[in-house]
Structures are given as C-alpha cells and as structure tokens.
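Chemist: If you want the building blocks of each chain, they are given just below.
Number of protein chains: 2
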Amino acid sequence: MAAWKRCVPRALLFGNTVRFHTGWLLDMISLAEALRCIGETIRPAPIIETPLADACGRVLARDALSDIDSPPYDKSLVDGYAVVAQSGAARTLRVLEEITAGRLPRVAVDTGSASRIMTGAAIPRGADAVVMKEDTEDHGQTVRIGTSHILPGQNILCRATSFAAGQTVVAAGRTIRPLEVGILAEAGVTRVPVHAAADVSIIATGNELVAADTAPGPGRLRNSNGPMLTSAVRAAGAVAHDLGIVRDTMSELREAVARGLRSDFLILSGGVSVGVLDLVPRVLSELGVREIFHGVRIKPGKPVWFGRHGESDRRIGVFGLPGNPVSSFVGFELLVRAALARFHGHHDWQPTMASACLAGPLDHHARRDAFYPARLRDSADGRTAEPLPWRGSADLAALTHANALIHVPPGNETFSDGHRVDIVII
Amino acid sequence: MAAWKRCVPRALLFGNTVRFHTGWLLDMISLAEALRCIGETIRPAPIIETPLADACGRVLARDALSDIDSPPYDKSLVDGYAVVAQSGAARTLRVLEEITAGRLPRVAVDTGSASRIMTGAAIPRGADAVVMKEDTEDHGQTVRIGTSHILPGQNILCRATSFAAGQTVVAAGRTIRPLEVGILAEAGVTRVPVHAAADVSIIATGNELVAADTAPGPGRLRNSNGPMLTSAVRAAGAVAHDLGIVRDTMSELREAVARGLRSDFLILSGGVSVGVLDLVPRVLSELGVREIFHGVRIKPGKPVWFGRHGESDRRIGVFGLPGNPVSSFVGFELLVRAALARFHGHHDWQPTMASACLAGPLDHHARRDAFYPARLRDSADGRTAEPLPWRGSADLAALTHANALIHVPPGNETFSDGHRVDIVII
Numbered sequence: 001m002a003a004w005k006r007c008v009p010r011a012l013l014f015g016n017t018v019r020f021h022t023g024w025l026l027d028m029i030s031l032a033e034a035l036r037c038i039g040e041t042i043r044p045a046p047i048i049e050t051p052l053a054d055a056c057g058r059v060l061a062r063d064a065l066s067d068i069d070s071p072p073y074d075k076s077l078v079d080g081y082a083v084v085a086q087s088g089a090a091r092t093l094r095v096l097e098e099i100t101a102g103r104l105p106r107v108a109v110d111t112g113s114a115s116r117i118m119t120g121a122a123i124p125r126g127a128d129a130v131v132m133k134e135d136t137e138d139h140g141q142t143v144r145i146g147t148s149h150i151l152p153g154q155n156i157l158c159r160a161t162s163f164a165a166g167q168t169v170v171a172a173g174r175t176i177r178p179l180e181v182g183i184l185a186e187a188g189v190t191r192v193p194v195h196a197a198a199d200v201s202i203i204a205t206g207n208e209l210v211a212a213d214t215a216p217g218p219g220r221l222r223n224s225n226g227p228m229l230t231s232a233v234r235a236a237g238a239v240a241h242d243l244g245i246v247r248d249t250m251s252e253l254r255e256a257v258a259r260g261l262r263s264d265f266l267i268l269s270g271g272v273s274v275g276v277l278d279l280v281p282r283v284l285s286e287l288g289v290r291e292i293f294h295g296v297r298i299k300p301g302k303p304v305w306f307g308r309h310g311e312s313d314r315r316i317g318v319f320g321l322p323g324n325p326v327s328s329f330v331g332f333e334l335l336v337r338a339a340l341a342r343f344h345g346h347h348d349w350q351p352t353m354a355s356a357c358l359a360g361p362l363d364h365h366a367r368r369d370a371f372y373p374a375r376l377r378d379s380a381d382g383r384t385a386e387p388l389p390w391r392g393s394a395d396l397a398a399l400t401h402a403n404a405l406i407h408v409p410p411g412n413e414t415f416s417d418g419h420r421v422d423i424v425i426i
Numbered sequence: 001m002a003a004w005k006r007c008v009p010r011a012l013l014f015g016n017t018v019r020f021h022t023g024w025l026l027d028m029i030s031l032a033e034a035l036r037c038i039g040e041t042i043r044p045a046p047i048i049e050t051p052l053a054d055a056c057g058r059v060l061a062r063d064a065l066s067d068i069d070s071p072p073y074d075k076s077l078v079d080g081y082a083v084v085a086q087s088g089a090a091r092t093l094r095v096l097e098e099i100t101a102g103r104l105p106r107v108a109v110d111t112g113s114a115s116r117i118m119t120g121a122a123i124p125r126g127a128d129a130v131v132m133k134e135d136t137e138d139h140g141q142t143v144r145i146g147t148s149h150i151l152p153g154q155n156i157l158c159r160a161t162s163f164a165a166g167q168t169v170v171a172a173g174r175t176i177r178p179l180e181v182g183i184l185a186e187a188g189v190t191r192v193p194v195h196a197a198a199d200v201s202i203i204a205t206g207n208e209l210v211a212a213d214t215a216p217g218p219g220r221l222r223n224s225n226g227p228m229l230t231s232a233v234r235a236a237g238a239v240a241h242d243l244g245i246v247r248d249t250m251s252e253l254r255e256a257v258a259r260g261l262r263s264d265f266l267i268l269s270g271g272v273s274v275g276v277l278d279l280v281p282r283v284l285s286e287l288g289v290r291e292i293f294h295g296v297r298i299k300p301g302k303p304v305w306f307g308r309h310g311e312s313d314r315r316i317g318v319f320g321l322p323g324n325p326v327s328s329f330v331g332f333e334l335l336v337r338a339a340l341a342r343f344h345g346h347h348d349w350q351p352t353m354a355s356a357c358l359a360g361p362l363d364h365h366a367r368r369d370a371f372y373p374a375r376l377r378d379s380a381d382g383r384t385a386e387p388l389p390w391r392g393s394a395d396l397a398a399l400t401h402a403n404a405l406i407h408v409p410p411g412n413e414t415f416s417d418g419h420r421v422d423i424v425i426i
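Chains as they are written, first to last, in the numbering used here: chain A, 1 to 426; chain B, 1 to 426.
Worth double-checking, as some hints may not be accurate.
Claimed, not checked - Just a sample of chain B residues kept apart from chain A, beta carbon distances all over 10 Å, derived:
#1 G39
#2 V84
#3 V239
#4 R315
#5 P410
Said to hold, decoys possible - With beta-carbon atoms standing in for the labels, derived distance ranges:
#6 G153(B) x S30(A): 26 to 34 Å
#7 M250(B) x I48(A): 42 to 50 Å
#8 E286(B) x A380(A): 43 to 51 Å
#9 I47(B) x D363(A): 35 to 43 Å
Hints were generated in silico from the structure; no laboratory data involved. Think of the CB as a built atom: it goes at the ideal place given N, C-alpha and C, for glycine as much as any other residue.
Could you build the full structure based on these sequences and the hints that come with them?
Modeler: See below:
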C-alpha cells in the first residue's frame, strides 16, 4: 500500500511556525506531471461508425473524403440572369428560358440573350456570369440589364470550388460541430468514423451520506458529489452511470468497485484522504487497480487518486476524488475532464489555459498551484476576471457564481487590479 | 404579400457605378432591430418540473430554496484532532474517541483532551478547532500536537456557513451547470422547475435537393442544411425533428409546414429569396403565419424571414433561412439561436459579442453588417482572431476552420494586424 506509506510523517519539526513535514507534499506530483501520467495511461477510444445525425460532439477518427465535386456543377449564387460577361452601357437581352434549381438548362446563351436563373441552379452553356435580379428590369420576353460592368465568373460558384471528389473535407482529430455535419452531408459521409463515447461509473462513498431527496439526520450530509459528477460526465460527452452511495465498508466498496470496473472509467468521490476510514485505495488495490498517482500539488483538489485497471486492449481509468465537493469539482475539471477528452480522441485534451486581466485584487498564499473562483467578463478591451469572495474549499455556493478558475503558481503575493492572470474556463 | 411587394425595385438608377436600388436594402431591418422583434415575439417556455439528473443545461425558472442548513452541523474540514483552541508550546493530549463521518461524537473535549476526527464529521462539544493530522504525532491513547498556535474556528466549517434553511441557493434565470446540480442536491431540490426545451421542426426546401446518402444526379445538390440545422438545434439544448426535404410545390410545402407548426419552432431553409420558386413566404401566409420581418442587413444571411403563428398561449416562431449553407448557418447563429435561448429562459439570450485583436489584416467592403470567419486563439497576451481566407457565402468548407465570426459594421476599410474587433464565438 504505497499510498498509505507515503502519508507517514517524514520529519517532525517543532516550533512556532514550522509545521510537521509529511510525505504528502514531498511525494505529490505537479499538475503537469499528473496530466502527463493521464496522457500515457489513457488511450483514445475504439473507432465506431455512427450515423451522421448522432456524430455532433464526437471526434472524427479518420479523414473524411468526399465522393463528389462540390458544387457538382457550375452553380448560380444568386437569383438573376445568366449572361455572357461584357462591358458597356446598359442593354436589353432576349430571355431564353427559366432555369430553376434542380432543372437542367436546355439552350446556350449568347451575347444577345440571357436565361433567367435561380440560386443554386446550373449555369447554361455559353454564359459565364450572372447578373443579380436586383440589377435588372424584367420585361417578360426581354430583360434590361442595369449594370455596365459584368465580370467573367461573377455570381458563379464553379464546379469543385469548395472541394473535389476524393479530397479530405474534414481531417481526423477534428471535433464534429454543426458546420462539420453540414459539410459531411455535402460530401456524402453519412456513416461517420468517430471515437466511441466513454462509459463512466460514478460512486459516492461515505457513511455520512444520504440521497439528495432525503432529509439528513444528525451527523449526516446529502450526497451532492454523485449528481454533480454525473452531470459533469454527461456534459463532457460521456455516458454516465450513477451507482449511488456506498458505505465505508470493505465488502460494500468491493462490490460497487467491481461493478464500476465494467465501464471505461470509474470515478469515486470520498475515501482518498488519510483518515482511518479512507478505504478506497485499499479496495482498488485488492481488485487489481494499479495506483499511478495519489496526491497532486493543486489547491483545492490535493488528495486526488488515479490508477488503471487491465491492459492495453481493455484499460480502465480510475479516479478517486476528494469527498469535499469543491475539491471534487476542481479535480474533475483539471484531471478527469482531460482524461475523458483524451479518451474521446481530442488532440487538445489538456485543460485550456486562457488569460484575463484581474478585475479586483487577489490575495494569494499557497504552497501548491492554486485555483480561485472567478467571474469572467468580456468587455470592449478584452477579458477580465473578477476574483469571487469565498470561504475556501467547502464553499460550493460561492463557486456556483464562477465561470472560471484563476490559476496562480505557489507563492505569497497580492495581485492588484489589471494584473494579467492565467485562467481555466469552467 | 407584403414581403413580395417590398422586393419590387423602387428606384432605377443607371450608370457606371450606381446599381438599381431595390426595396430590399431600404426595407431591411438591422440586426439589433431583428433581435428586438424576436425578443418581443418569443416568450420564455412554460415551466416544467424535471428530475435533478435531467436539469443540467436548462434554465432555473423559480428561485431554488434550501430545506436545510448547509452544513447541517459544525463540520471538520480535515482529518485530525478536535481540540480547545489555545496558544502555547507543543503539548500532548489524551485521545477521547474517534469520530468518523456519519457518527455522532459522544463525549465533550476539554483543554487536556482531544478527539480524533475525520473530514466531514461533526465537531464534539467543547472543541472549537481542529488540528490537521499532518501537524500531530499519534501515540494511540495520546496525541502530540505540533503546532503552537491554534485559532478558534480553525479547520471547522460552522453550521449554515454555506447557506441557511429557507435561503435561495440558485436564483431564477441561472443556467444549471454541474456545479448548480451539486448545490441543488445539497439543498434537497430534486424536482427542479425549469423552462421546457423547445421542440423544433426543420424542413429543407428545394427541387434540387437529394438526401445526403444519395449520389446527386445532374443539376442536383445534397441537402446539407437539414442535418446541419438539426445538429445546431440539438446543440442549443432543444429537441429537433428533421422533417427532411420538401419539393417546391404549394401542396408539398403546405403539408410539411402544417406538420412543422405542431412544434414550438419551425425552421425552413431555402425558398426565402426573391426567385420565382421561392414559395415559402406564400405558403406560410396561407397557413396563418404572420410575417414579422423579411431581410436583415447582415452579410451573409440577408434574406432571413421571421414570423409567428398563433397567439400568446401557443405561439410558434417560424424562421425561413436562406438555402445557401453559409447564410443559413450565420442566420441560425445570430437569430435562431437567440430565439431558442429566449424561449429556454436565458436572460442573456442575445448573441454574446466579445472582442479580440486581429491576427492578420482584414479587407472589409460591405453595405451591411458583415461577419467574417475567423480562428480565435488564446495567447498569454489575450485573445486573437485570425481572419480565414474564404470565397464568400458559398464556402462552407472554409467556415469549418472557424470558431468565431468577426463582426464589422457597414463600410469600406482595411483593418491591420492588432486592430481590436468584435467577435461572435460559434
């Protein structure tokens, strides 16, 4: 039980300001190291084919190629008249036919004639420009053209301008958004190769927990982590299974963990700090989950546990998050979300660090990388982050007013208004 | 048919550079006016009660109040020893009991004693501070306390610090994210009053269209708008019904529109510009849909149509988007998305304008508010927007590389690198 041994005090230093040094801070790894471990452990999910209608939000696993030119023919971009491009005074042309979208032109246009044409319709032979309806005067059999300069190619989208048959229209690794759905439809890719969605089980541990719809008796607390993590997992594009509350006994934990290990990921909350009933690392070890790290130098979120079960073909990522809801949330945002993103095939799976200017001072005292709740706002001058008042890592209520976390490396400093800081958007 | 009348040329000005003036540009309204119309027409959806597990992403429709204090008792924030706060040299205390989370303390602590306590457990009578386990040395029956200053309240979260019974924990109008799910669970709000999700029907019109899984014959195009808009509607938190492709005949259109009017919103693509087969406004009028606007001074997206059907109790918003996929997408992002957000109860339902510095020059020539595809990047100095090369409003392929639109008011100007511009994030 390496994780337990690490927690034994190493140096006992007494005095007015010196605190005990424990193995904790010495053994803990940095956030960057933790993310490196996650990147090495978690492999992108198997590739599945999904109908185009369900592909949005997933990551394309192979380059998507078009089976046709787009557009498949020279096409009018406007409603108007297909003509031969030429300069000169306004003039009247004979109208040959009307080409609506979906119909093929029948006759060729020459310098004395024009064909009425609709947006999306095919350009007739002879014509090399389209004059917008708004620049013409319709006289039935003839049309008066109001513009004097008509350039070749004007208002025409030539065949294969967007892409040609055989060309990659969306590259592997790209996240499929509505725009990508549109272009995949255009290219005829209706069975889309994507990385499968992760299947994630969530367990909240603790003798003190009762379900959210129950009134907590003396010494009891409601389970907020279970519902919160379940929602967070779904919002990350995975399939969540909330396995509910499990008591702090070896047998109950063993049964629940064994069930959770049928998923791609298992997330436990509670039971990973150093208390006598923190049985989670012990049960995980018994069931063959190998510890990769226990403890990350972040505040809040320090006692987070990460391990893996099984080998390369069926490898399950296991996270033990602190029972404290704020620590649990931060651990999820910084580490679990990254693991899910890596599994889902995102190339940029690590937490995205952005930057903003402080709107208000920030007092910072931490021996670890600290994350402070903040309200991000967009102004005409750029982005500002207002540090929110909060009473530390048990204050979930304050965190609900935040839409970002300000990240500050270890140190003691008061940052003033306007100082540029790193942020993680939540 | 007001919409048709408006399109009749008003002034016919010939010459080298002067184009016909049509009713179009004169009658078209601005984006701000269009959004005002949408705000007046669309009312927030009826309030429904949803299970907490399904509430994420919805907007809370009534203040959510807690039925308990949180925490419900004075609670330890760490694993350690509950003691009486005092200053002085390091000392050894008798250990009275072990209080695990979920168990109630049995005996009171005095200045000569301490109780071993776990994170989340209730503070015993007499004690007013907790010393972290890492600052102590455990000798079984006794404990040596290593810190000399123990402040009252240290490592204790007092009852009702987060919120008190009867207090609002999440205010009406807030979007429910995983954090809000957590705090609603803590407060016992497991049936959540939210605005219902919109039910949206999508119809792609056009004789030239074939389904995405079909090879388009001569003069035919694949329907990319249907799948794209369906995905966009789902991504906006609504329920989408893709009604497929409808031919440009009054009877087919009439039947499909009548079916679509059973939803809260109907979105049509194609058939709203000024061509001879643009039957959509005519059919909508026949079926009792009142036109509110037709044409907005935006580029791309100009011919967008908006109307409403029915009265206040059952009011249906109807959008006609241009057939061109890029225009259709921009019309959705700027107008339909806003209408859905308003229906879903979001207070900030209008498109969020942010700002960024240009990374590369931008040539701007437009008589309307123009939106250019751009790649937004976060750097240490703030946010930059790189204008992407594109071939105008038929170039959906280029738009798929964008994650933002740069918004520039009407004018002719070349903006250089570093210039601050407004952006809409897509």
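Chemist: Does each hint hold? Answer for all of them.
Modeler: Evaluation of the provided hints:
1. The Cβ of G39(B) lies farther than 10 Å from every Cβ of chain A, with a closest approach of about 20 Å, so its non-interface assignment holds.
2. Remark: the non-interface label on V84(B) is consistent with the geometry, its nearest Cβ contact in chain A lying 20 Å away (cut-off 10 Å).
3. Chain A leaves V239(B) outside its interface by the beta-carbon criterion, the shortest separation being 13 Å against a cut-off of 10 Å.
4. The non-interface label for R315(B) is consistent with chain A: the shortest C-beta to C-beta separation is roughly 26 Å, beyond 10 Å.
5. Chain A leaves P410(B) outside its interface by the beta-carbon criterion, the shortest separation being 17 Å against a cut-off of 10 Å.
6. For G153(B) and S30(A), the hinted distance range of 26 to 34 Å is satisfied, since their beta carbons lie about 31 Å from each other.
7. Look at M250(B) against I48(A): about 43 Å separates their beta carbons, and that is inside 42 to 50 Å.
8. A C-beta distance of roughly 46 Å is found between E286(B) and A380(A), which places it inside the suggested range of 43 to 51 Å.
9. The supplied range of 35 to 43 Å is met by I47(B) and D363(A), whose beta-carbon atoms lie about 41 Å from each other.
Going down the numbered hints, you'll see the structure goes against none, and every one checks out.
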